[in-house]
Amino acid sequence: KAGVTQTPRYLIKTRGQQVTLSCSPISGHRSVSWYQQTPGQGLQFLFEYFSETQRNKGNFPGRFSGRQFSNSRSEMNVSTLELGDSALYLCASRQPTANTGELFFGEGSRLTVL
Amino acid sequence: AQKITQTQPGMFVQEKEAVTLDCTYDTSDQSYGLFWYKQPSSGEMIFLIYQGSYDEQNATEGRYSLNFQKARKSANLVISASQLGDSAMYFCAMREDDYKLSFGAGTTVTVRA
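The listed protein sequences correspond, in order, to chains A and B.
First residue of the first sequence: 1, per the numbering used here; consecutive thereafter.
First residue of the second sequence: 115, per the numbering used here; consecutive thereafter.
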């Protein structure tokens, strides 16, 4: 069974640009969450999507947005990039019927903003 | 307020020895879940072990065991018989009712040969 796939793995952007990251969840998983990981702030929750609807949102500015498609694939977008947006962006999927709520993570997209 | 506290930024352990990673949590929910994840240098977060708040027995998964002390709100991870491949960052996390995970700052484990 294929794991969570994130693309691209690495990217470099400049301030003011925008970026779109993609995540394909494990087959059958309908929930996708996004997390930002930085050395200073650690791992922070961005948002969660289930059946194309945003169910939960972390404390991030409106420049951070996401969506989920009917095949459960998800994208997140960051507009007007700032230096502080440099981070590892991790996507995770889960099967909402699973009792534990365990998240399965991808390898992440490492964004560098210059 | 910090929901998950990991007080050990880094630890060294000799190969084949056991190591305990500390984790304390803060929640007012009655139903919650506690997780430990391993993050090697590749970046992927690898699930290790889960403990539900209503589980009476401590969780075990192979060489990993979770020492759950509910009254003290602690969920320490014990790795037995450490291997060189265990060198990584380890995160404690908690799931509350809204299903998002709150992570601790992590503990870097270095296994020495």
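Hint data in this document are derived by calculation from the structure and do not stem from the laboratory.
Wrong hints could be hidden among the right ones.
[Stated by the list, open to error] Computed cross-link-like contacts, DSBU-like style, restricted to lysine-lysine with a CA-CA straight-line distance of at most 35 Å:
#, chain 1, residue 1, chain 2, residue 2
1, B, 130, B, 117
2, B, 187, A, 57
3, B, 184, A, 57
4, B, 117, B, 184
5, B, 117, A, 13
6, A, 57, B, 117
Because the structure is a prediction, the values reported are computed rather than measured.
For each hint, the structure was consulted:
With a CA separation close to 32 Å, the supplied pair residue 130/B and residue 117/B stays within the 35 Å bound. A threshold of 35 Å between alpha carbons decides the hint, and for residue 187/B with residue 57/A the separation of about 26 Å falls inside it, so the pair holds. A C-alpha spacing of about 28 Å is found between residue 184/B and residue 57/A, which places the hinted pair at or below 35 Å, so the restraint holds. For the given pair, residue 117/B sits about 15 Å from residue 184/B by alpha-carbon distance, which is consistent with the 35 Å threshold.
Simply put, residue 117/B and residue 13/A have alpha-carbon atoms about 33 Å apart, close enough for the 35 Å limit, and the pair holds. The straight-line distance between the Cα atoms of residue 57/A and residue 117/B is roughly 17 Å, inside the 35 Å bound, and the hint therefore holds.
Figure legend: structure checked against the earlier numbered hints; every hint is met.
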